[in-house]
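Asker: For reference, the chains in residue letters:
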Amino acid sequence: MLEFRDVTFQYEVEDFNIIDSLSFRVEKGEFVSIIGASGCGKSTIFRLTNQLLPMKSGEILVNGRSIRGQKGYCGYMPQRDLLFPWRTIGENLRLPLEIRGGLSRAEMDERVDRALTHVGLAGCRDKAPSELSGGMRQRAAFARTVLTDSELLLLDEPFSALDFLTRISMQEWLLGQWEADRPTILFITHDVEEALFLSNRVLVCEETPIRRLTSIEVPAGYPRTRACLADPKMIALRETLIGMLRKEGTA
Amino acid sequence: MRQSCKNTLPALILVFVLLMGWQLGAMRMDAAYILPSPTQILARLWELRGPLFTAHLPATMEVTAIGLAISIVFGLALAILMDARPGVQRAIYPIVIASQTIPTTALAPLFVLWFGYTIWSKVLVTVLITFFPITITVYDGLQSVKIEMIELMTTFGAGKRDIFLKLKLPATLPYFFSALKMAIPMSIIGAAIGEWLGAQSGLGYFSRRMLTQLDGAGVFAPIVLLSVVAMLLVAVISAVEKKVIRWRGDL
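These protein sequence lines are chains A and B, in that order.
Counting from 1, one number per residue, gives the positions in the first sequence under the numbering used here.
Counting from 1, one number per residue, gives the positions in the second sequence under the numbering used here.
Some hints could be false.
To be verified - The calculated DSS-like cross-link candidates involving lysine-lysine, where the alpha carbons are at most 27 angstroms apart (straight line), are:
hint, chain 1, residue 1, chain 2, residue 2
1, A, K71, A, K56
2, A, K127, B, K146
3, B, K181, B, K242
4, B, K160, B, K146
5, B, K243, B, K6
6, B, K243, B, K181
7, B, K160, A, K56
8, A, K71, B, K146
9, B, K243, A, K127
10, B, K242, A, K127
11, B, K160, A, K71
12, B, K242, B, K146
13, A, K247, A, K233
Said to hold, decoys possible - Chain B stretches covered by chain A per the calculated footprint, using a threshold of three residues with CB under 8 angstroms from any CB of chain A:
hint, segment
14, 147–160
15, 163–170
Hints listed in this document are in silico derivations from the structure and should not be mistaken for laboratory results.
Cβ atoms here follow ideal geometry from the backbone N, Cα and C, with glycine treated the same way.
In isolation and in its complexed conformation, chain A is listed as follows:
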């Protein structure tokens, strides 16, 4: 689904390649988390994938095709919901459809209504973003990302600004959404437990510059509940991952 081939990137203000001939693959329908310490460059991987940053060399392929010149192959959900305050929730969800064009107003409204029902916000179409709670706003932002109609979703620490209880219920909710539709999700987080609970595979960002991502399978199947986190294998893996991340932090 997504493949990095020897991708190299350097920020103009830095004198080294923060991403140095990095290669990795994500298969269709996978839920993969990238974990790493703050500032290690994991968000840069997203910004290269959605072409907000131009890579220096290498190739990024989505569905076997280079992303150069392509549009709309991935949906991006940032950490903050970025719902436009002058638009209602429904109008916010309509934004990606409006930009892509080709649908009538009625068709767009119908798709927005379906998406809202799907994320459990059926009654919120005409509400202002400020009337919604943090968790509801993130759900609306997720629905907006899904409405880009991309099979590949890039979620950049979407729950990190939420309080703990909202965060775990949002994680369960996201897992439900993924199990229902099986999109390919690439999920950035610095929360090891969040990564273990959600994904079938974790990519660990152990060093900066990033030359490789260590791939680790999560030893749990789906459907999952939070009880799986108490499994001895999961606890051991959690400690291993924390150890890997801290090694980088103290180096």
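We have chain A; now place chain B onto it with these hints.
Answerer: Just chain B now, with coordinates in the frame of chain A:
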């Protein structure tokens, strides 16, 4: 509504006390050609209502309207141009800021020299006073748009046109209203100053004529009228703003 009455009550009481002080002081001094009392001014305003409302107020409003319209059109155009072309911004913005230190009103006699007693000398003063604040405020509004929001739009596949129409324009609207509320009183002041220096009609001209006749109340009457008009116009704009923008501060 009750809340807003409560909030303005202290200010109203203070204004009333000051007016009473003025009234008593003026009555005691008893020299209306130097310090007319508020009641004398109101009486004079009533006596002069014919020429003031039928000839001079419309003349001043005409100058204000033309000047303000020119300032808005060119101010918006320049702000948008500076926002779209950083090169233009670098060339013009410092000059715009520096020009604010020029005492425009002191230049006004020069405009009378150029344009004579026509309406254009007054319009030019008005434009010079209001053009730059509008430009700067709207430009700041365009620049205040969050980079993350622009990036989000980009990942949806939006081009410059979509970003301008769907993001920059609505995000800048509150700034535009602020600029308008600031520019209206300034444009009226500009028009009055222009008329004071050289005109055959208008409230500024009328005030000056009364001065030559040592009619203190007659000098004040048109000024009271100008203030009331400015306040009414700003109130109208504020009401429109409240209708259009319900999300100020949510961004």
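Asker: Flag every earlier hint the structure violates by its number, smallest first.
Answerer: none
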